[in-house]
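Asker: So the chains spell out like this:
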Amino acid sequence: MLLLTSSSLTSSDWVLMLAVFGASAVEMVEALTIVLAAGTSRGWRSALEGAAAALVVLGLIVALVGVPLVRYVPIDALRVIVGALLLSLGLNWLRKAWLRASGHKALHDEDKIYAETVAELEADGPVSARRDAVGFAVAFKGVFLEGTEVVLIVISLGASQGRLGLAALAALAAALVVIVVGAVVARQLSSVPENTIKLTVGVMLTSFGVFWVGEGAGIHWPGSDAFLLVLIGVFAALSAAMISWLRRSAPLPTGAV
Amino acid sequence: MATLSRWLRVFGRFWWEFLVGDTPELFVATLVVVGVAFALASLHVLPVIVVPGVAIAAVVWSAARGRVPSQANRSPSQDQ
Numbered sequence: 395m396l397l398l399t400s401s402s403l404t405s406s407d408w409v410l411m412l413a414v415f416g417a418s419a420v421e422m423v424e425a426l427t428i429v430l431a432a433g434t435s436r437g438w439r440s441a442l443e444g445a446a447a448a449l450v451v452l453g454l455i456v457a458l459v460g461v462p463l464v465r466y467v468p469i470d471a472l473r474v475i476v477g478a479l480l481l482s483l484g485l486n487w488l489r490k491a492w493l494r495a496s497g498h499k500a501l502h503d504e505d506k507i508y509a510e511t512v513a514e515l516e517a518d519g520p521v522s523a524r525r526d527a528v529g530f531a532v533a534f535k536g537v538f539l540e541g542t543e544v545v546l547i548v549i550s551l552g553a554s555q556g557r558l559g560l561a562a563l564a565a566l567a568a569a570l571v572v573i574v575v576g577a578v579v580a581r582q583l584s585s586v587p588e589n590t591i592k593l594t595v596g597v598m599l600t601s602f603g604v605f606w607v608g609e610g611a612g613i614h615w616p617g618s619d620a621f622l623l624v625l626i627g628v629f630a631a632l633s634a635a636m637i638s639w640l641r642r643s644a645p646l647p648t649g650a651v
Numbered sequence: 053m054a055t056l057s058r059w060l061r062v063f064g065r066f067w068w069e070f071l072v073g074d075t076p077e078l079f080v081a082t083l084v085v086v087g088v089a090f091a092l093a094s095l096h097v098l099p100v101i102v103v104p105g106v107a108i109a110a111v112v113w114s115a116a117r118g119r120v121p122s123q124a125n126r127s128p129s130q131d132q
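Residue numbers (our numbering), protein chains in the order written: chain A, 395 to 651; chain B, 53 to 132.
Don't read these hints as lab results, they were simulated from the structure.
Among these hints, one or two may not hold up.
As the list claims (entries may be wrong) - These stretches of chain A come out as covered by chain B in the derived footprint (C-beta under 8 Å, 3 or more residues):
no., stretch
1, 488 to 494
2, 605 to 614
3, 632 to 641
The C-beta atom is built at its ideal place from N, Cα and C for all residues, glycine as well.
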């Protein structure tokens with residue numbers, strides 16, 4: 395049985411959980427928008443079955459890819475590979491979040507995506523009385539595609555720290571929170587501060603990426619694991635400075651951060 | 053065989069979009085960070101500054117490139 399107490403978790407475990415939770419929450423909000431649209435327009439049974447099937451497939455990928463990675467790949471090679479993957483992902487999230495927060499890129503509008511998806515699905519022929527294949531496929535695809543990024547983050551962060559179970563639990567917790575919140579607020583997912591979460595996770599993924607690439611290559615970071623917190627501080631400060639600088643030439647209304 | 057090749061194409065396209073997408077400079081920067089980390093690993097202080105520095109320089113440059121010109125700085129050709 396998996397027992398977790400706050401005293402058994404290190405600071406890098408907490409950072410890992412926060413990063414996975416945030417990344418999963420952002421992607422799950424996007425997936426939930428599609429599932430809500432499929433459920434409303436094509437029937438809830440097919441949409442929920444499609445979403446559940448995608449979650450099962452994603453869970454299988456974590457188990458089938460993540461566990462062998464942890465067991466059989468040398469830890470230094472694994473850290474360089476997952477560090478590079480996290481760095482590539484993190485730099486992209488940071489760049490996008492800076493541009494959105496400063497008004498150089500439109501914010502992700504869940505209401506607009508919801509309305510467009512519903513319109514597309516309603517135009518897609520009559521709804522089947524029993525199981526609707528269109529609703530199932532759209533919900534499956536939405537959850538699977540958004541979830542793939544979460545799976546990569548869970549496997550990367552979990553495997554590099556030998557905490558695959560903890561990373562998977564954080565992702566599962568985020569999915570549950572988003573589902574509960576989604577059920578309560580229904581179509582008001584646009585009120586979720588998606589860009590702020592994305593910026594926070596971008597800072598963490600980039601910091602983890604730099605840290606693990608360095609560890610895997612043989613760099614001795616001052617203070618060992620504690621240097622991760624220094625990197626997070628540096629990238630957070632850089633983000634504040636960049637958003638402020640980018641806002642000076644913003645053509646669009648700026649997003650909240 | 054056709055199904056396998058279709059799946060390989062989809063798989064390849066997914067990873068290309070995921071890793072390179074519309075910001076190839078950040079993918080290249082990641083490879084540079086890995087290279088610099090290995091090249092400087094035997095030194096003490098330098099990699100601690102240079103490795104994060106390369107990542108910072110890359111994302112700052114990429115974000116600066118991604119700016120949309122404000123109305124005041126926009127040339128007539130950019131409005132077309």
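Asker: Hints first: check each against the structure and report whether it holds.
Answerer: Status of each hint after checking the structure:
no. : hint       : in the structure
1   : 488 to 494 : holds (count 4)
2   : 605 to 614 : holds (count 7)
3   : 632 to 641 : holds (count 3)
Of the numbered hints stated above, none is contradicted by the structure.
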